[in-house]
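Chains as they are written, first to last, in my numbering: chain A, 128 to 272; chain B, 128 to 272; chain C, 2 to 84; chain D, 2 to 84.
In case anyone wonders, no lab produced these hints; they're calculated from the structure. It is possible that some hints are incorrect.
As the list claims (entries may be wrong) - Computed footprint of chain C on chain A, listed as stretches where at least three residues anywhere in the stretch have a Cβ under 8 Å from a Cβ of chain C:
| hint | segment |
| --- | --- |
| 1 | 171 to 178 |
| 2 | 232 to 245 |
| 3 | 251 to 259 |
All residues carry an ideal CB built from backbone N, CA and C; glycine is no exception.
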Amino acid sequence: MIHIRVSPAPIDIAAEQARVEQDGAVATFTGLVRADDGVEELALEHYPGATEAALTRLAEEACARWSLTAASIVHRVGAMTPGERIVFVGTAAAHRAAALEACAFLIDRLKTDAPFWKRERRGDDARWVEQRDGDHAAAARWKAG
Amino acid sequence: MIHIRVSPAPIDIAAEQARVEQDGAVATFTGLVRADDGVEELALEHYPGATEAALTRLAEEACARWSLTAASIVHRVGAMTPGERIVFVGTAAAHRAAALEACAFLIDRLKTDAPFWKRERRGDDARWVEQRDGDHAAAARWKAG
Amino acid sequence: MRLVYFAWVRERIGVPAEEVEPPATVATVDALVDWLAVRSPGHAAAFADRTRLRAAVDQQFVGLDAAIAGAREVALFPPVTGG
Amino acid sequence: MRLVYFAWVRERIGVPAEEVEPPATVATVDALVDWLAVRSPGHAAAFADRTRLRAAVDQQFVGLDAAIAGAREVALFPPVTGG
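Excised from the complex, chain A in its bound form (with noise of 0.2 Å):
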């Protein structure tokens, strides 16, 4: 079962727990606003219909390569505030290292392969984040498994 869910909603995580928990081995991956580097807001930004299509293609792609019972894609969009959830990945699979690994996948290969932006503001100013090098070493490795 893949879930792909783009929208300015909050995340509940126990309904997308939930929804994942197909099999006996479930990992997920919760990405929140930091609160301590003085960001007072994010904004997402991001390329609807091909956003989807993206998250879809990584989801059939994992759930192809370990096996998964289920996976989950949730992506917020919009304003958000330090401590609100921005990302949820949840994944299943009868054990427990596929469903880690498939979930570190997941999240690696969206930093680098979904079209979302995110803008940061500090007060009156407000900046769009740079892409990390390291993101894309991250999403490299599961290239070459």
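Add chains B, C and D to chain A, keeping to what the hints say.
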């Protein structure tokens, strides 16, 4: 923040996740009683006192090795039915690789280092689960790092 | 051909999308960007640093050397920063 | 000295714990198990396959060759299967 609980109470994912959400990257692993292999009931026995001490040592090791902001291990004991949650591991860190690796470390090492024993019941047949060779291999890979 | 812009590319150009009809000699994304850059100071600013520009043709990510023949929608945007 | 048993070790012996006073010549977990094995058919059955036996001394996991001098609590149990 380290949180350890060994209890017969069901695991409340929303509450456990909220406890761990202390930083920008949160990874979790949840183990459920498999519903697909004929097991009707799973009973978990443990070594009171020694269990909590072993889990605390593991969490402390993970916090030091990956600079975690939070590490939580919740393990049920007593009788459970298929689909119920047996174990929850949650980690929080500033960066996703640390949270994800520490989460994998904790569940791998929990399997070999914490005194729990599982008994499966299928109809009138109750048997103690045998340790899997793969569990030792999974735990051992963290020694190299 | 529909063009869509995101993040600071959109902000510098000042519109989220526009319809254009480039001549047939404009065969690649790179050539399209050259052709667009002279339309306004905003376009020029958006496309000044080609190393920070990414593209999708009909919602598929492509390199800037990709062909655009027959494309209905070309998107131009900075490197992505989601997750 | 307090002995505690878990899982099928406990079931075969028939009690979860017992108090014993082994002689001073019983210096290791292995020697303790030898000494216990003759107490009852249940003990013998529990300890028949030493390769499937694990131990803790004062709640610290140890090998069966570990010393037990001064130990207050020795636990004997099968390989663990949690998680």
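* Hints not upheld, ascending by number -> Every hint satisfied by this model.
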